Amino acid sequence: VRIIGIDVPGFGVPTHAEAKDVLAGAMLRYARAEAQAGPVQAPRTGRSDKPTITLLGEMFPADPVVIGRMLEPMGLAAGPVVPTREWRELYAALDCAAVAAIHPFYTASIREFEAAGRTVIGSAPVGYDGTEAWLQSVGAAANVPQAQIDAVKNAMLPAIQGALARVPVKGRITLSGYEGSELLVGRLLVDSGADLRYVGTACPRTAWSDADCRWLESRGVHVQFRASLEQDLAAMHEWKPDLAIGTTPVVQAAKEMRTPALYFTNLISARPLMGPAGAGSLGAVINAAIGNKPRFDAMSEFFGSTGTGHASGVWEASQGVPRDRPEFKADQRRQALKLAKKRKAEEML
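Going by my numbering, the sequence shown opens with residue 563, and the numbers climb by one from there.
The set of hints was computed from the structure by calculation and includes no laboratory data.
Treat the hints with caution; some may be incorrect.
[Said to hold, decoys possible] Below are the DSSO-like pairs computed for lysine-lysine, each with C-alpha atoms no more than 30 angstroms apart in a straight line:
id, residue 1, residue 2
1, K715, K802
2, K891, K817
3, K732, K891
4, K732, K817
5, K732, K715
6, K906, K891
7, K903, K891
8, K732, K802
9, K715, K612
No experiment lies behind these values; they were computed from the predicted model shown.
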């Protein structure tokens, strides 16, 4: 039994995704020390006979399989996904040709891979440009001949282009979330034809997210790292999108504005994003959501102001709809201001 101490203060690690990186980094450090000390347990399926590319960050279960198929013609294989399912997979993750930082904010884990002498590659094989650049970076890091890299591109890129063309996205979109894949989803939406105006992520900017950020900004998308709820809402109010993709409060605010909305975690990030499979995964759900605009208008007109303003919250039907009491609100506001002035005066004494 291994006991590993980690420091995850309640308000010191802003997102649960970064907390997973803290744990993964600590486990990699421990496993690296074990490997340096002597023989370690082999992977359950045995060591790969090809150089492997470790995949850093959680992703849809089908994505590692798709990535493996893209790597195979280059004489490479997809390695373990970190965070791993078993301890022994940590050794296999460290025993790689290069690391693909699919989630670029896993900085604690990246430090351990760099300490082990491994090259770390940013971005991911999403969309047309993203896949082309990623295959080139991976091939160069693993010393794959350029002819092999070009052969994989020639096989994959037309398939991705065809998938994007089959289900184009038409509409203005704002996007926000806290999973860490927001920039990748943003790239895929732009490649699909969406008029994407804003991408907000609760995760920080790192050197491995720069390529995605520059690509989005060059296409007129505002990218906000460490985005707050207020910034996400401000973007939605400014751009008035046909669809808002975001966190629970963003989705709630959008629907109050009669704007179709999708919860990022359950409905967007829980889909394949990589390669040809990812290229056609978002179009149908995005277009269906945008097409729901008339339903939101009809519901809003039917319910009117019910449950809003002074009538919001939970109240007993037997007592009727709560009455608006503006004079009571004004009185409470005056008392609060008076108390605040009194406290400030006492502080000056």
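>> So, against the hints stated earlier in the document, which numbers end up violated here?
In response: Hint check: 1 and 3 fail, others pass.
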